[in-house]
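So the protein lines, in turn, are chains X and E.
Read left to right, the first sequence gives residues 1 to 248 (my numbering).
Read left to right, the second sequence gives residues 249 to 539 (my numbering).
Be a bit skeptical, because a hint or two may be false.
[Said to hold, decoys possible] Chain X regions said to be covered by chain E (calculated; three or more residues, Cβ under 8 Å):
id	stretch
1	73-80
2	84-90
[Unchecked claim] One-sided excerpt, in silico: chain X residues whose CB lies under 8 Å from chain E:
id	residue
3	Tyr3
4	Val4
5	Glu247
6	Gly248
I should point out that these hints are in silico values taken from the structure, not numbers from a laboratory.
Fair warning: this is a prediction, and the values are worked out from it, not measured in the lab.
Idealized CB from N, CA, C, for every residue including glycine.
Here is how the chains run, residue by residue.
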Amino acid sequence: MEYVELLRVRRALVSFAVALAFVLIAVTLVLHGKGGFTIHIGFGKEGVGAGDLVMLGGFGAMFLAATFAGNMPGESAALPFLWTKPVSRAALAYRFVAVDALGMAAGIVATALAAVIVIAGMGQIRAIHANPSLPGDAALALGAPLAWYGLTLLAASRLQPDGVARVGALSWPLFIVIAMLATVALPPALHTFVVGLDHLNPLAYIAGSEHKGIGLIAAASPVRAAACWTIALVTIPAAIRLWTAREG
Amino acid sequence: MIAIEGLTKRYGTRTVLDGVSLNVPGGSICGLLGRNGAGKTTTFRCSLRLAHPDAGDARFDGEPLRTATFERLGYVPDRPSLYPWLTVEQHLCLASRAYRSYDGARARELLATYCLDPADKARALSRGQETALSLVLAFAIRPALLLLDEPTGGLDPLLQRATLELIIDAASNGASVLFSSHAVGQLERAADRVAVLRDGRVVLAGDIEALRAAEKIVEATFDDGVFRSDVPALQGVRRWEHAGAALRAYTERDPDAVAAALARAGARSVRVLDRNLEDLFMDAIAGESPR
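Bound conformation, chain X alone:
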């Protein structure tokens, strides 16, 4: 039954690729002065770490995560069809998640590739190099969208399609607002609460760094990746449990 999800993810990836292509064309035109102005970018001696490109891919994949998380709970109208097939509900759900995770990984690759094309277009391809943090960055680049996906899936797992769409759409502003609120001066109790919430915020992890930053989680990428994967590994099975126990 993952066939439905494969078709749906394929459709979402095509739309994502089209959007990326537009961005790519716009960036290329601007970089080559076609927009009436020219931007000169130099990467200096440090060049561009492959890990940074992968992290950029992680941002791209988070757009897909918000979309994919609505797919399974949005199935409610088709549940009598889906749940009367010789596949257990849990197996069905995990296959859906596996397909979605593959879709997010494809989103990371596509976004990173688009960035490489832009850099190559600038004649700076040699500036790209493998950096030591690449494995941790790669784990974070997939972990953050998975955490996003898990949190959204958990919030939407018992909702009807209208509610599911709302949860997916609200996830972006919600995570941005939480990250922003964590930076502003609030009464101590509220600040503690917001900072606590920020520790469940995938955006804060992927946008964070090793250095202390405002509103963002400061830790090495493997630590931030571990936090994101933990969120994903807790929320996804919980969401599946709720989904499989609902009425069809």
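Dock chain E against the given chain X, drawing on the hints supplied.
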């Protein structure tokens, strides 16, 4: 064999099913009748665990419902449950991946029977075509168990007949079929058993022929259409019914004696009739007010 035992379902304080039990042996078609809201769809949904029953259970070939049961179970819900954005062909592809028992050649035959275009998206299908696609998907696995909740909804008369033939054919090959419909005539044609639901309870169940034979109707026509005062005194008449100049007596024993008595009372013509399924149904729900 489908065996439903004591199914009970409550939504808040409202009891939708109240201890529903019925059996459908292999090779049998059981018609499930009831007014709107009587609990027919909930019986299907609870049997298939699409809704969680508060009590009771459904067993299929002696076993509780398991994932593997669906390998030989075809279900057509009352409202077609399809993916609007998938084509007819993609729905078949989905079924072919899900079932080991899926028969592609059979599915093609059924598509032709129901005049469905494989390239059409489900969202472009009419209500009848959606039902038809649900039927194709249910019958393409040659199921041994069939749960059909109003499977002729929206179909034209020819396709309704084709569907009844499919159902009868499945039962003649040994399938157990539970089939709900408001078209009593269809059920009368296809079913050999019936269960009537009223307010979530089974108020009548059994073999249709036996139920029909249990009581006869003696219909007498009087010239003046006047109801004779001595007629109701007849023994063994459970109920009298007027229909214009005709008087109908429902009797469980010795209809010939009732017929003779009516003839003696001055009836112009007297005939003994079998009850049809509609009579059984109307009797079972007698006293219910119109909703």
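Hint by hint, here is what the structure shows:
Look at the stretch 73-80 of chain X against chain E: 4 of its residues bring a Cβ nearer than 8 Å to a Cβ of that chain, three or more, so the hint holds. Interface restraint, the stretch 84-90 of chain X with chain E: holds (5 residues with C-beta to C-beta distance below 8 Å; minimum three). Among the interface hints, the one on Tyr3(X) holds; its C-beta lies about 5 Å from the nearest C-beta in chain E, closer than the 8 Å criterion. Hint status for Val4(X): holds, given a least beta-carbon distance of 6 Å to chain E, under 8 Å.
The beta carbon of Glu247(X) comes within 5 Å of a beta carbon in chain E, closer than 8 Å, and the hint placing it at the interface holds. With 8 Å as the threshold, the beta carbon of Gly248(X) comes within range of chain E, its nearest partner Cβ sitting at about 4 Å, so the hint holds.
The earlier numbered hints are all upheld by this structure, with none contradicted.
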